[in-house]
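Asks: Residue-level listing of the chains:
Number of protein chains: 2
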Amino acid sequence: MCQLMGMSCNKPAATTFSFTGFSARGGLTSDHVDGWGIAFYDGKGCRVFQDDQPASHSPLADYVRRHPIKSKVVVAHVRKATQGDVQSANCHPFQREWLGRTWVFAHNGDLRDFQPPQGCQDMPVGSTDSERAFCALMSHLRGHFKDRLQPPEWPELAPVLADFTSKLAAHGNLNMLLSDGQALYVHCSTHLHQLTRNHPFPKAQLVDRDMSLDLGPLNAEGDTMTLLATEPLTRDEPWQALCTGEFRVYAQGHEVWRQINPQTQAFPMACPDPDLKSRPMWAANS
Amino acid sequence: MCQLMGMSCNKPAATTFSFTGFSARGGLTSDHVDGWGIAFYDGKGCRVFQDDQPASHSPLADYVRRHPIKSKVVVAHVRKATQGDVQSANCHPFQREWLGRTWVFAHNGDLRDFQPPQGCQDMPVGSTDSERAFCALMSHLRGHFKDRLQPPEWPELAPVLADFTSKLAAHGNLNMLLSDGQALYVHCSTHLHQLTRNHPFPKAQLVDRDMSLDLGPLNAEGDTMTLLATEPLTRDEPWQALCTGEFRVYAQGHEVWRQINPQTQAFPMACPDPDLKSRPMWAANS
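Those protein sequence lines, which keep their order, are chains A and B. Take 1 as the starting number for the first sequence in our numbering and just add one per residue. Take 1 as the starting number for the second sequence in our numbering and just add one per residue.
Hints listed in this document are in silico derivations from the structure and should not be mistaken for laboratory results. Glycine included, C-beta positions come from ideal geometry on N, C-alpha and C. Any given hint could turn out to be false.
[As the list claims (entries may be wrong)] Facing chain B, a subset of chain A residues (Cβ under 10 angstroms, in silico): (1) Gly-43; (2) Cys-91; (3) Glu-97; (4) Arg-112; (5) Phe-114; (6) Pro-117; (7) Gln-118; (8) Asp-122; (9) Leu-149; (10) Asp-210; (11) Ser-212; (12) Leu-213; (13) Pro-217.
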């Protein structure tokens, strides 16, 4: 299993504080030590940082914690391998270009028996079920909108993605963050929480580190920010759990679309592949 | 115009020394201050670091200079914008996935009138002629090898790429580095130099910084490394200029294929787009 963190805002914001808490789950407060990654959209560009080292101890994660990168959409992941070795190619978020936009995808859960249909245009570089699902999803979008020359926006994409993710979620747990830099698409099978912050911005206290930050001076009236995380990142803020089968879309920090599929089920947590060389938790701290 | 740096080796090697010299061209010793990027292949994975800040002063470039990342294939670029604003989306190397491999592309030159054919599956995210050319190239490969389920290797790819890059080079200067992590494909229109190092490895002295490194203790008998760069990175080593129209392939540090198209011409250097907001050199040093 893995953990997810995402952000959607109406003005570019830094995630150094949130990522400081989140990345502690990669070896300090939790055992998601098999790599990590974070994607920052910067205008049309998308910068992805990733490393197969534990996020809590990776020098590159330390760089990300120390250097604020302002972005309106962020997707991050710390990995606990259940399928696919510990290697760069298996670090989320994965990325593909479609109609001139970079799409990124991060997943927590397992879709072990899932195989993309034959003839899928997108093919996995690594060996995870997650990347296979992302390839199938992107190929589905290419097929569904096949005569388009311009990328569709979230009002058109949302029902197509809700339908497709719902089908993926029949194969196993699909807690997922997906973005094209414009909107953040979210599916929950078992564990995902959201928090929206508006003016007046609170003083926030991390769950995973003894650290707090007064968000008031960093934000103005009219600023809106929604955070997503597998488990709440801060104490004393109104994080809400998403339901099983829930699909949501966020744009400019606001929730703009929601659908719940009552048929979607939560699967029991799978045991890691017995042949898999995952890292023991102590490896991050030794 | 821009500058390129590439590496192909038979054992994973760090490029911190070479990148220290190369990145100085992004603001210290040359005016390629409009962003930079470097791709490191790590097994099947590919990690791309990029920033729209000058390479000589970018904190992320400093991270790359200080943290050795061992790789068998590296592609790097410092940008002097001639077409396309200064922004992340216009930083090379660009990347696309094809048949389960990540391809990266970096370009120096200008192909101003070049437009990818209608119906190109790959579409540019940014606004450079370089990314348009890369999209056309990848779409050409997809079409040429369209029934494949496994990626072709360099013996099959080399003649197809030599032919296609030769056609691209009819539109303007194409100094190019391209890789799928297995081989490094190189085209020269005007400026590109190569250096192969074998045992006994020399003491190397950078052109751009007052820095030298004894490569002997870092390498063993049997190690082979080829470096490519727009201009030689070190003094007193036998860098060779590639010819106009020359296409070469390197694998495991060795040159494995070469073809010269005598019809290819070198175009006069184009002036930057007058509407383009490039950075003055002093901006990197202020």
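Asks: For every hint, state whether the structure bears it out.
Replies: Checked hints:
The interface hint given for Gly-43 (chain A) holds, since its Cβ lies 5 angstroms from the closest Cβ of chain B, which is under the 10 angstroms cut-off. Checking Cys-91 (chain A) against chain B by beta carbon gives a least distance of about 7 angstroms; that is within 10 angstroms, so the hint holds. Among the interface hints, the one on Glu-97 (chain A) holds; its C-beta lies about 6 angstroms from the nearest C-beta in chain B, closer than the 10 angstroms criterion. For Arg-112 (chain A), the interface hint is violated, the least distance from its beta-carbon to any beta-carbon of chain B being 19 angstroms, above 10 angstroms.
For Phe-114 (chain A), the interface hint is violated, the least distance from its beta-carbon to any beta-carbon of chain B being 17 angstroms, above 10 angstroms. Violation of the interface hint for Pro-117 (chain A) is found here, the shortest Cβ-Cβ separation to chain B being roughly 13 angstroms, above the 10 angstroms cut-off. Among the interface hints, the one on Gln-118 (chain A) holds; its C-beta lies about 9 angstroms from the nearest C-beta in chain B, closer than the 10 angstroms criterion. Taking 10 angstroms as the C-beta cut-off, the interface hint given for Asp-122 (chain A) holds, the closest approach to chain B being about 7 angstroms.
For Leu-149 (chain A), the shortest C-beta to C-beta distance to chain B is roughly 9 angstroms, which falls under 10 angstroms, so the interface hint holds. At about 26 angstroms, the closest approach between the beta carbon of Asp-210 (chain A) and any beta carbon in chain B exceeds 10 angstroms, and the interface hint on this residue is violated. Interface hint status for Ser-212 (chain A): violated, as the beta-carbon distance to the closest one in chain B is roughly 26 angstroms, over 10 angstroms. Here the hint on Leu-213 (chain A) is broken, as its CB sits about 21 angstroms from the closest CB of chain B, past 10 angstroms.
For Pro-217 (chain A), the shortest C-beta to C-beta distance to chain B is roughly 24 angstroms, which exceeds 10 angstroms, and the interface hint is violated.
Hint compliance for this structure: hints 4, 5, 6, 10, 11, 12, 13 are broken, all remaining hints hold.
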